[in-house]
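Undergrad: Please build the complex by placing chains B and C on the supplied structure of chain A, with the hints as guidance.
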Amino acid sequence: MFGEILEKVRRTAPLIHNITNYVTVNDCANILLACGASPIMADDLDEVEEITSICGGLNINIGTLNKNTIESMLKAGKKANELGHPVVLDPVGAGASKLRTSTALRLLNEIRLSVIRGNISEIKTLAYGAGTTKGVDADVADKVTEETLDSTIEFAREFAVRTGSVIIITGAIDIAADKDRAFCIRNGHPFMGSVTGTGCQLSAMIAAYVTANRENALQAAAAAVCAMGLCGEKAFARMTELDGNASYRNYIIDAVYRLTPDELDRGAKYEMR
Amino acid sequence: MFGEILEKVRRTAPLIHNITNYVTVNDCANILLACGASPIMADDLDEVEEITSICGGLNINIGTLNKNTIESMLKAGKKANELGHPVVLDPVGAGASKLRTSTALRLLNEIRLSVIRGNISEIKTLAYGAGTTKGVDADVADKVTEETLDSTIEFAREFAVRTGSVIIITGAIDIAADKDRAFCIRNGHPFMGSVTGTGCQLSAMIAAYVTANRENALQAAAAAVCAMGLCGEKAFARMTELDGNASYRNYIIDAVYRLTPDELDRGAKYEMR
Amino acid sequence: MFGEILEKVRRTAPLIHNITNYVTVNDCANILLACGASPIMADDLDEVEEITSICGGLNINIGTLNKNTIESMLKAGKKANELGHPVVLDPVGAGASKLRTSTALRLLNEIRLSVIRGNISEIKTLAYGAGTTKGVDADVADKVTEETLDSTIEFAREFAVRTGSVIIITGAIDIAADKDRAFCIRNGHPFMGSVTGTGCQLSAMIAAYVTANRENALQAAAAAVCAMGLCGEKAFARMTELDGNASYRNYIIDAVYRLTPDELDRGAKYEMR
Chain A
681 MFGEILEKVR
691 RTAPLIHNIT
701 NYVTVNDCAN
711 ILLACGASPI
721 MADDLDEVEE
731 ITSICGGLNI
741 NIGTLNKNTI
751 ESMLKAGKKA
761 NELGHPVVLD
771 PVGAGASKLR
781 TSTALRLLNE
791 IRLSVIRGNI
801 SEIKTLAYGA
811 GTTKGVDADV
821 ADKVTEETLD
831 STIEFAREFA
841 VRTGSVIIIT
851 GAIDIAADKD
861 RAFCIRNGHP
871 FMGSVTGTGC
881 QLSAMIAAYV
891 TANRENALQA
901 AAAAVCAMGL
911 CGEKAFARMT
921 ELDGNASYRN
931 YIIDAVYRLT
941 PDELDRGAKY
951 EMR
Chain B
681 MFGEILEKVR
691 RTAPLIHNIT
701 NYVTVNDCAN
711 ILLACGASPI
721 MADDLDEVEE
731 ITSICGGLNI
741 NIGTLNKNTI
751 ESMLKAGKKA
761 NELGHPVVLD
771 PVGAGASKLR
781 TSTALRLLNE
791 IRLSVIRGNI
801 SEIKTLAYGA
811 GTTKGVDADV
821 ADKVTEETLD
831 STIEFAREFA
841 VRTGSVIIIT
851 GAIDIAADKD
861 RAFCIRNGHP
871 FMGSVTGTGC
881 QLSAMIAAYV
891 TANRENALQA
901 AAAAVCAMGL
911 CGEKAFARMT
921 ELDGNASYRN
931 YIIDAVYRLT
941 PDELDRGAKY
951 EMR
Chain C
681 MFGEILEKVR
691 RTAPLIHNIT
701 NYVTVNDCAN
711 ILLACGASPI
721 MADDLDEVEE
731 ITSICGGLNI
741 NIGTLNKNTI
751 ESMLKAGKKA
761 NELGHPVVLD
771 PVGAGASKLR
781 TSTALRLLNE
791 IRLSVIRGNI
801 SEIKTLAYGA
811 GTTKGVDADV
821 ADKVTEETLD
831 STIEFAREFA
841 VRTGSVIIIT
851 GAIDIAADKD
861 RAFCIRNGHP
871 FMGSVTGTGC
881 QLSAMIAAYV
891 TANRENALQA
901 AAAAVCAMGL
911 CGEKAFARMT
921 ELDGNASYRN
931 YIIDAVYRLT
941 PDELDRGAKY
951 EMR
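Protein chains in written order, with my numbering: chain A, 681 to 953; chain B, 681 to 953; chain C, 681 to 953.
Quick caveat, the hints were computed from the structure, so don't treat them as lab data.
Copies of the same chain look alike in the list, so a pair counts if it works inside one copy or between any two.
Cut-off 30 Å, straight-line C-alpha distance, at most; resulting in silico cross-link-like pairs (DSSO-like, lysine-lysine):
(1) LYS747 - LYS758
(2) LYS747 - LYS778
(3) LYS688 - LYS823
(4) LYS758 - LYS859
Here chain A stands alone, though its shape is the one from the complex (with noise of 0.2 Å):
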């Protein structure tokens, strides 16, 4: 199933449009391209609308977000919204700052969001707003584990019904929920939170999956969260006794390039909630 999906994104070369942070920009256009989708950046308020009528998803990551950039995802998710195309949302650093936590809540009160993907901490505290952020920071800094996934899967398909998106936590365990149902997802490797960027990858290409699989948003933002996992798994497989986290940031998007549907079929180790 998820080898279709990868499948379909390869065929109809989903074009992306991201307003996200300079830190991790470079590698989030590599591994859309390493995917089979194509990337647009463009942050300008005036330019917004158009270049997102012209792709077929939307990527919002608020990692470096400034007053100016704010404006535009409000305007870019707007559009989108009325075209009908997916939003994606990664709120970065939500509960770090105020204006992070607060430009979080807005883009999900403002915007369909189709899907949200972040840590355990960023979505407890758009889930529980802005009043109790610090107080949840601490509470969540946490991993999820065997035995909080339960209560992580039921407060994950939670705010899947309040927000209508499809909710994705990473963590050492995966969790991508709709309203109906969750994935439990077990691909990826440790290291891979030694590269700056991982998590904003994967949610530039969860857009580009989602886009080309429309009509399956839970299923094709899952089989994206398990080929970046599968893929991280491949690439540390390569590692040599010199390499370190930067050729191991190199080894993971060349694994995203390679990576077949049938290999996504066969390595996607994921159970059903």
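TA: What follows is chains B and C alone, placed relative to chain A:
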């Protein structure tokens, strides 16, 4: 001949002022170093004139333009004109939004450009102006092929006459034309399209080649196009079965670093028209 | 001694707030991860105080400064001072434009800087002020050599006395000085100059080392300089005949990731003056 042009880049190590996008800026800096030049990136309105003044050439790329940097591009371009420095324009995405089209046209009208480099859509947008942009975009989606080569060369030459610029149209076949002559260049590899910013990198490198060889702008620009394409070929030859577009990106820049004048002379594949 | 300093970076994993340029920001993030620290990039005026507050140290780099981020640098720096966090300044291009010089001087005057790291031109510009910048730039074009070493150390020490900062001057020979002592460091490889941003990366790494070893800022900064230079040597040893500056960039960060405390102790080449 191209070998001597490269030798002069290495010998004179031109300092290039870049006002460019935040997606591919790091690769532009590293490819400038790889070819023997030095990069400076600066885009604040209050410093672009001074920075341009200490450099030998200016590279303007509108890939992620915004209201502040547009004014900086114009100011830097006028200063470069005043000083007689070569100016290269890369009109990334001209035709994709009114802001890009109108900015590219303002730069074309207000600045004497030594070289304009883009794909066929971008260059046609500049040549035909904003009014017909959408139609032009649709018409020019096709690659430059053997069938359309003569008419495209004619178009490039006419645009060169009108602007006084060297016109570079890159694609499956690359064209470099001034008012008198045209190079058809057949270096390169299709896989270069899977790396974000190979066009941006080429524009930066053209700025270096032309700055070091000002008496000979057409040949210098054509040499840079051949060099980039040849390095794309050499980099592809180095690919293993695990490598993808991320490793390829590095191999291209590595090849630019290793390229010798003699290799460039022997490997350049072009004919004059 | 330097080994213990590195061990403490790894053990305490300091979170570093970076307000830095968009050219080399990705490499700065990955080298911070490589050395055992964690990066956050944030530059909007409305969030820099909060972000600095959750971090342990602040790294300010003026490589692509603009009017908005200058105010953010000052605000973040004052907050870091208030909280007693180490602050590193990398005055990229000070002397190349009035905006850079005056910004670097404002940062120097309004913020207590733990460490200032630059090349000899940048540091002299800061020490002698804007008035004499052009002349100073011309005078200091020469590298620090054995002949000028003693006078340069004396200059660094005097500037350290005046500012209360650790002064790091990097070049063929690196100098790390506070008011009492100076390290002359002979690690590194000339090829590091062919990679954009090795200086920026070093400044980020100094911020991590000093944040984890606050009781010992001079030695921590000197350890970071040795570590970066040693990794440049190790990375160079790994180069094949096809590799150029792009692969070297990756190998340096890889080497930082792989560097062990014992290797640093054995490989550090310095003398005290």
